[in-house]
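Quick mapping for you: the protein sequence lines, in order, are chains A and B.
In terms of this note's numbering, the first sequence has 321 at position 321, counting the first letter as 1, and numbering is strictly consecutive.
In terms of this note's numbering, the second sequence has 56 at position 56, counting the first letter as 1, and numbering is strictly consecutive.
Careful: at least some of the hints might be erroneous.
Stated by the list, open to error - Covered, in the sense of this in silico footprint (three residues per stretch, anywhere, with C-beta under 8 Å from a C-beta of chain B), are these stretches of chain A:
{"no.": "1", "region": "113-124"}
{"no.": "2", "region": "147-159"}
{"no.": "3", "region": "239-246"}
Unchecked claim - Have a look at the derived ranges for each label pair, beta carbon to beta carbon:
{"no.": "4", "chain 1": "A", "residue 1": "Ser259", "chain 2": "B", "residue 2": "Asn89", "range": "33 to 41 Å"}
{"no.": "5", "chain 1": "B", "residue 1": "Arg286", "chain 2": "A", "residue 2": "Arg512", "range": "55 to 63 Å"}
{"no.": "6", "chain 1": "B", "residue 1": "Gly156", "chain 2": "A", "residue 2": "Leu553", "range": "37 to 45 Å"}
{"no.": "7", "chain 1": "A", "residue 1": "Leu553", "chain 2": "B", "residue 2": "Gln62", "range": "25 to 33 Å"}
{"no.": "8", "chain 1": "B", "residue 1": "Ala352", "chain 2": "A", "residue 2": "Arg349", "range": "38 to 46 Å"}
{"no.": "9", "chain 1": "A", "residue 1": "Glu55", "chain 2": "B", "residue 2": "Ala210", "range": "19 to 27 Å"}
{"no.": "10", "chain 1": "B", "residue 1": "Asn116", "chain 2": "A", "residue 2": "Arg512", "range": "28 to 36 Å"}
Just so you know, the hints here were simulated from the structure itself, not pulled from any lab data.
What you are looking at is a predicted structure, and each value in this text was computed from that prediction instead of being measured.
By construction, the Cβ of each residue, glycine as well, lies at the ideal position given by its N, Cα and C atoms.
Next come the chains, spelled out residue by residue.
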Amino acid sequence: MRVKSLALLWMAPLGFLALFYFYPLGSILQLSFARSAGGAAGALLEALRSVAVREALWFTLWQAALSTLLTLLVGLPGAYLLARYQFRGKSWLMALASVPFVLPTPVVAAAFHALLGPRGWANQLLMSLLQLETPPIAFVNSLAAILAAHVFYNTTIVLRVVGDFWSRLDPRLWQAAQALGASRRQRFLRLTLPLLAPAIAAASLLVFIFDFTSFGVILLLGGPRFATLEVAIYQQATGLFNLPLAAALSLIQLVCTLSLTVIYSRLSARLSRPLSLRPRTYTQQRLRTWRTRLAAGLLAGALLVFFTLPLAALALRSVTSIEARSRLDRPAAPGLTLDYYRELGVNRRGSLFYVTPATAIAISLGYAAATVLLALALGLPVAWALARGGDAPLNRWLDPLLLLPLGTSAVTLGLGFIVALDRPPLDLRASPLLPPLAHTLVAFPFVVRSLAPALRSVRPRLRQAAAVLGASPWQALRRIELPIIGRALLVGAAFAFSISMGEFGATAVIARPEYPTIPIAIYRLLSLPGSLNYGQAMALSAILMAVTAGSILAIDRLRTGEGDEF
Amino acid sequence: MNTKFLFPIFFLLAALLMAACQPAPSTPQVTQTSSPQGPQTLSVITHDSFAVSEAVVAAFEQQHNARVQFIKSGDAGATLNKAILSKDNPLGDVLFGVDNTFLSRALAEDIFEPYNSPLLAQVPAEFRLDDQNRLLPIDYGDVCPNYDIAYFEDKGLAPPQTLDDLLEPQYKGLLVVQNPATSSPGLAFLLTTVANYGADGYLEYWQGLAANDVLVVNGWDTAYYSEFSLHGGTRPIVISYGSSPPAEVIFAEQPLETAPTAVVTGGRACFRQVEFAGILKGSQERKLAEQWLDFMLSLEFQQDMPLQMFVYPVNPQAALPDEFVRYSVIPQETAALSPDEIATGREAWLQAWTETVLR
Numbered sequence: 001m002r003v004k005s006l007a008l009l010w011m012a013p014l015g016f017l018a019l020f021y022f023y024p025l026g027s028i029l030q031l032s033f034a035r036s037a038g039g040a041a042g043a044l045l046e047a048l049r050s051v052a053v054r055e056a057l058w059f060t061l062w063q064a065a066l067s068t069l070l071t072l073l074v075g076l077p078g079a080y081l082l083a084r085y086q087f088r089g090k091s092w093l094m095a096l097a098s099v100p101f102v103l104p105t106p107v108v109a110a111a112f113h114a115l116l117g118p119r120g121w122a123n124q125l126l127m128s129l130l131q132l133e134t135p136p137i138a139f140v141n142s143l144a145a146i147l148a149a150h151v152f153y154n155t156t157i158v159l160r161v162v163g164d165f166w167s168r169l170d171p172r173l174w175q176a177a178q179a180l181g182a183s184r185r186q187r188f189l190r191l192t193l194p195l196l197a198p199a200i201a202a203a204s205l206l207v208f209i210f211d212f213t214s215f216g217v218i219l220l221l222g223g224p225r226f227a228t229l230e231v232a233i234y235q236q237a238t239g240l241f242n243l244p245l246a247a248a249l250s251l252i253q254l255v256c257t258l259s260l261t262v263i264y265s266r267l268s269a270r271l272s273r274p275l276s277l278r279p280r281t282y283t284q285q286r287l288r289t290w291r292t293r294l295a296a297g298l299l300a301g302a303l304l305v306f307f308t309l310p311l312a313a314l315a316l317r318s319v320t321s322i323e324a325r326s327r328l329d330r331p332a333a334p335g336l337t338l339d340y341y342r343e344l345g346v347n348r349r350g351s352l353f354y355v356t357p358a359t360a361i362a363i364s365l366g367y368a369a370a371t372v373l374l375a376l377a378l379g380l381p382v383a384w385a386l387a388r389g390g391d392a393p394l395n396r397w398l399d400p401l402l403l404l405p406l407g408t409s410a411v412t413l414g415l416g417f418i419v420a421l422d423r424p425p426l427d428l429r430a431s432p433l434l435p436p437l438a439h440t441l442v443a444f445p446f447v448v449r450s451l452a453p454a455l456r457s458v459r460p461r462l463r464q465a466a467a468v469l470g471a472s473p474w475q476a477l478r479r480i481e482l483p484i485i486g487r488a489l490l491v492g493a494a495f496a497f498s499i500s501m502g503e504f505g506a507t508a509v510i511a512r513p514e515y516p517t518i519p520i521a522i523y524r525l526l527s528l529p530g531s532l533n534y535g536q537a538m539a540l541s542a543i544l545m546a547v548t549a550g551s552i553l554a555i556d557r558l559r560t561g562e563g564d565e566f
Numbered sequence: 001m002n003t004k005f006l007f008p009i010f011f012l013l014a015a016l017l018m019a020a021c022q023p024a025p026s027t028p029q030v031t032q033t034s035s036p037q038g039p040q041t042l043s044v045i046t047h048d049s050f051a052v053s054e055a056v057v058a059a060f061e062q063q064h065n066a067r068v069q070f071i072k073s074g075d076a077g078a079t080l081n082k083a084i085l086s087k088d089n090p091l092g093d094v095l096f097g098v099d100n101t102f103l104s105r106a107l108a109e110d111i112f113e114p115y116n117s118p119l120l121a122q123v124p125a126e127f128r129l130d131d132q133n134r135l136l137p138i139d140y141g142d143v144c145p146n147y148d149i150a151y152f153e154d155k156g157l158a159p160p161q162t163l164d165d166l167l168e169p170q171y172k173g174l175l176v177v178q179n180p181a182t183s184s185p186g187l188a189f190l191l192t193t194v195a196n197y198g199a200d201g202y203l204e205y206w207q208g209l210a211a212n213d214v215l216v217v218n219g220w221d222t223a224y225y226s227e228f229s230l231h232g233g234t235r236p237i238v239i240s241y242g243s244s245p246p247a248e249v250i251f252a253e254q255p256l257e258t259a260p261t262a263v264v265t266g267g268r269a270c271f272r273q274v275e276f277a278g279i280l281k282g283s284q285e286r287k288l289a290e291q292w293l294d295f296m297l298s299l300e301f302q303q304d305m306p307l308q309m310f311v312y313p314v315n316p317q318a319a320l321p322d323e324f325v326r327y328s329v330i331p332q333e334t335a336a337l338s339p340d341e342i343a344t345g346r347e348a349w350l351q352a353w354t355e356t357v358l359r
């Protein structure tokens with residue numbers, strides 16, 4: 001591909017990044033370092049000399065690595081199952097697995113508390129079974145809680161990115177290997193792993209970056225003994241207003257992300273190879289023997305339990321009344337109730353910022369739709385440039401930049417928006433456009449990562465054949481590549497949608513209180529005392545889960561009749 | 001659905017959506033320039049916890065032929081920081097939500113213009129912490145240990161009365177507090193201990209609390225809804241607000257005869273948070289901003305605040321809602337620390353606290 005057309009493809013996405021990422025980030029870093037006596041270097045030196053900062057950096061790195069490893073361990077078997085077999089309820093399992101990804105951290109924390117907290121269902125059950133005085137499971141405020149929450153959140157990334165790629169690999173390769181006498185282990189090590197490597201690398205990178213910048217999970221489930229860089233940035237920027245230190249920490253965080261993405265893009269260019277991707281009807285088989293049925297059943301069951309239990313505990317909590325006791329003679333009697341849901345529709349205090357759940361859902365869906373469209377419009381040209389331009393210098397330089405927004409402190413970037421986007425025509429500080437733009441920054445690398453492997457593995461011969469037959473590049477894209485990557489497009493869309501639905505940027509972006517998304521409405525309820533408020537927060541969380549699962553199912557349905565005629 | 005149609009459809013939708021998302025020809029600028037008689041817009045920057053009745057704002061808008069646009073920008077600290085960072089091109093006309101723990105930072109950054117509201121005369125001197133009236137007190141609230149009444153009745157145990165009591169063995173493992181580095185009530189409680197035991201004695205008190213198995217969590221909602229025995233937890237004493245007991249009654253599922261929680265007020269166990277509002281430098285709507293501040297100090301707004309934000313009015317003439325009168329106690333004496341002392345000591349106290357309690 002010529003440099004000129006490559007540059008053309010990069011133009012819009014780069015312009016977007018320049019305007020909504022580099023410019024705000026640069027502005028806030030510059031302004032912050034200007035407040036430090038020693039400038040940027042002084043602030044960085046001071047940060048690196050601090051023991052607390054070094055500890056935070058070390059903790060951030062190893063917990064992210066460990067979380068990523070665990071996520072792969074849970075996700076890869078699941079990806080295999082979803083990629084290679086057809087069974088009833090599969091799309092439901094996929095939809096269910098993507099629900100955690102969109103839940104705002106206060107909701108996930110509440111779900112884990114409802115299940116494993118001191119008075120959660122598990123502890124209550126064990127206490128009454130074993131006649132214990134104190135709760136036996138001490139889960140919250142521990143490293144285990146952080147790791148479990150990270151796996152809970154991000155397994156869907158592995159399932160989608162790896163599972164989708166896996167499902168299009170030609171099974172004849174394995175059949176050939178078997179016929180040539182390769183053992184199961186050899187087939188796995190010499191065939192499966194190398195072929196899947198690009199997808200696994202892409203998924204691991206995304207998961208790692210998410211865990212690396214983890215904020216809410218650490219705060220709410222890990223407790224005060226654990227602090228990632230992001231938590232330290234928040235404390236320095238918000239509580240102490242030590243902007244130079246916050247900026248230095250953000251820069252350290254950025255350097256880590258950048259190094260990772262550089263390593264990744266070098267690696268992925270080397271790992272990927274053109275393959276003939278097959279439609280899934282062709283690659284997938286039904287569960288025929290009782291052994292595969294049993295294994296698949298166990299695996300699906302384990303995944304189901306892992307994803308459902310916390311969600312179910314939360315849903316159950318939203319219909320269970322645990323009335324605050326006011327007198328001794330009226331002990332707390334848990335009973336089933338729909339009061340919380342009913343109360344959601346009532347503006348009891350005549351509050352100006354009250355919105356009905358339906359309005360909050362509509363606002364959330366509106367933002368999510370805008371994010372999906374924007375992320376696809378920006379992500380497709382980039383993925384295409386990456387796939388067609390291959391290892392061109394432009395690609396090598398620009399590709400690692402894409403993931404930077406994911407690995408950037410949301411607190412810092414939020415302050416950057418305030419500083420940079422403050423004059424017309426770009427005075428977006430209090431504009432309702434700002435949330436979808438911010439969501440797109442996070443969503444669009446996901447779209448690229450979902451599309452690039454698929455586009456890259458479209459065999460050049462197909463395109464060349466089309467060209468020989470007189471198709472223009474645009475026709476080749478529309479008739480050949482798009483149908484092949486239709487599935488990946490939907491995966492990207494599902495990601496963008498999920499990211500926007502769950503984004504909870506209360507501390508990052510300024511908001512017009514008359515347009516609260518569901519997560520913000522939940523947060524409002526959680527910040528007031530009283531059982532009715534907590535119950536309503538649980539009810540609204542359950543609604544968010546349902547809306548998300550429903551939407552993901554709907555997106556999945558879109559693919560029926562996808563380019564499977566290939 | 002065939003994917004070959006999918007793509008053009010996406011683009012069409014994208015175009016439509018972008019068009020629809022264009023901010024509707026925003027009334028403020030248009031009306032301001034074209035017709036001086038039309039409503040003017042006042043924008044009020046505030047924090048996430050701000051709430052107000054629809055009717056109250058409507059009354060102001062009608063009275064002054066104005067429109068009030070609220071903009072929320074995170075918690076109290078984040079809101080102030082954003083106002084400071086945008087001081088060259090202010091986000092709005094008025095900022096509400098600077099509390100006494102952030103007062104010195106706000107004044108040092110010089111982002112507010114003085115305004116001597118005539119209604120300040122009605123406000124007691126203890127709330128007027130800025131002698132130049134750049135920041136005007138609007139409301140206050142107390143952060144105190146709250147306890148679960150039924151728990152103590154069940155166990156036949158007397159609830160704690162003072163901070164010192166919390167060190168007693170019978171209250172071992174009963175208290176949950178918030179991390180002062182991440183939570184505003186957590187910081188208030190740390191300041192309470194500094195005020196009571198001095199800058200050289202508060203760490204010893206915290207060592208005592210740690211020995212008595214205090215639980216520290218990061219946020220108010222985790223402490224209150226997940227660890228406090230009234231809701232999801234096992235600990236019957238939690239740091240919360242003086243207005244939490246009436247809130248428990250108001251947001252009860254079934255009507256309650258008494259509040260399920262009570263507040264420890266003895267021996268200056270509470271920290272008083274006072275919240276301020278001020279006119280941001282560079283505001284184009286100085287007159288309207290003054291009118292809004294007067295309105296915030298007037299009875300109409302002051303009497304609306306308790307049930308909206310669960311804070312107390314600084315105007316002593318404002319009547320409190322029935323639930324507040326019946327179920328909350330306003331402590332006689334609270335922990336005393338001036339905004340300057342807080343600004344000077346905050347970072348060192350936080351650091352020493354982290355090393356003592358968390359490590």
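Given a hinted range of 55 to 63 Å, is it respected by the beta-carbon distance of Arg286 of chain B and Arg512 of chain A?
24 Å Cβ-Cβ, so the 55 to 63 Å window is violated.
Tell me if chain B covers the region 239-246 of chain A under the three-residue, 8 Å CB rule, please?
It holds: at least three residues are needed, and the region 239-246 of chain A offers 4 whose Cβ sits within less than 8 Å of chain B.
Confirm or reject the coverage of the region 147-159 of chain A by chain B under the rule of 3 or more residues with a beta carbon closer than 8 Å to the chain's beta carbons.
violated (count 0)
Range agreement (Cβ of Arg512 of chain A with Cβ of Asn116 of chain B, hint 28 to 36 Å)
holds, 32 Å
If I claimed the Cβ atoms of Ser259 of chain A and Asn89 of chain B lie 33 to 41 Å apart, would that claim hold in this structure?
holds, 36 Å
Indicate whether the distance between the beta carbons of Leu553 of chain A and Gln62 of chain B respects the range 25 to 33 Å.
violated, 47 Å
Given the range 38 to 46 Å, decide if the beta-carbon distance of Ala352 of chain B to Arg349 of chain A lies inside it.
holds, 41 Å
Confirm or reject the coverage of the region 113-124 of chain A by chain B under the rule of 3 or more residues with a beta carbon closer than 8 Å to the chain's beta carbons.
It holds, with 6 qualifying residues against the three required.
If you check the beta carbons of Gly156 of chain B and Leu553 of chain A, does the distance land in 37 to 45 Å?
Given a distance of about 54 Å, which is not inside 37 to 45 Å, the answer is violated.
Against the range 19 to 27 Å, how does the distance between the Cβ atoms of Glu55 of chain A and Ala210 of chain B compare: consistent or not?
holds, 20 Å
Figure legend: structure checked against the earlier numbered hints; hints not met, in rising order: 2, 5, 6 and 7.
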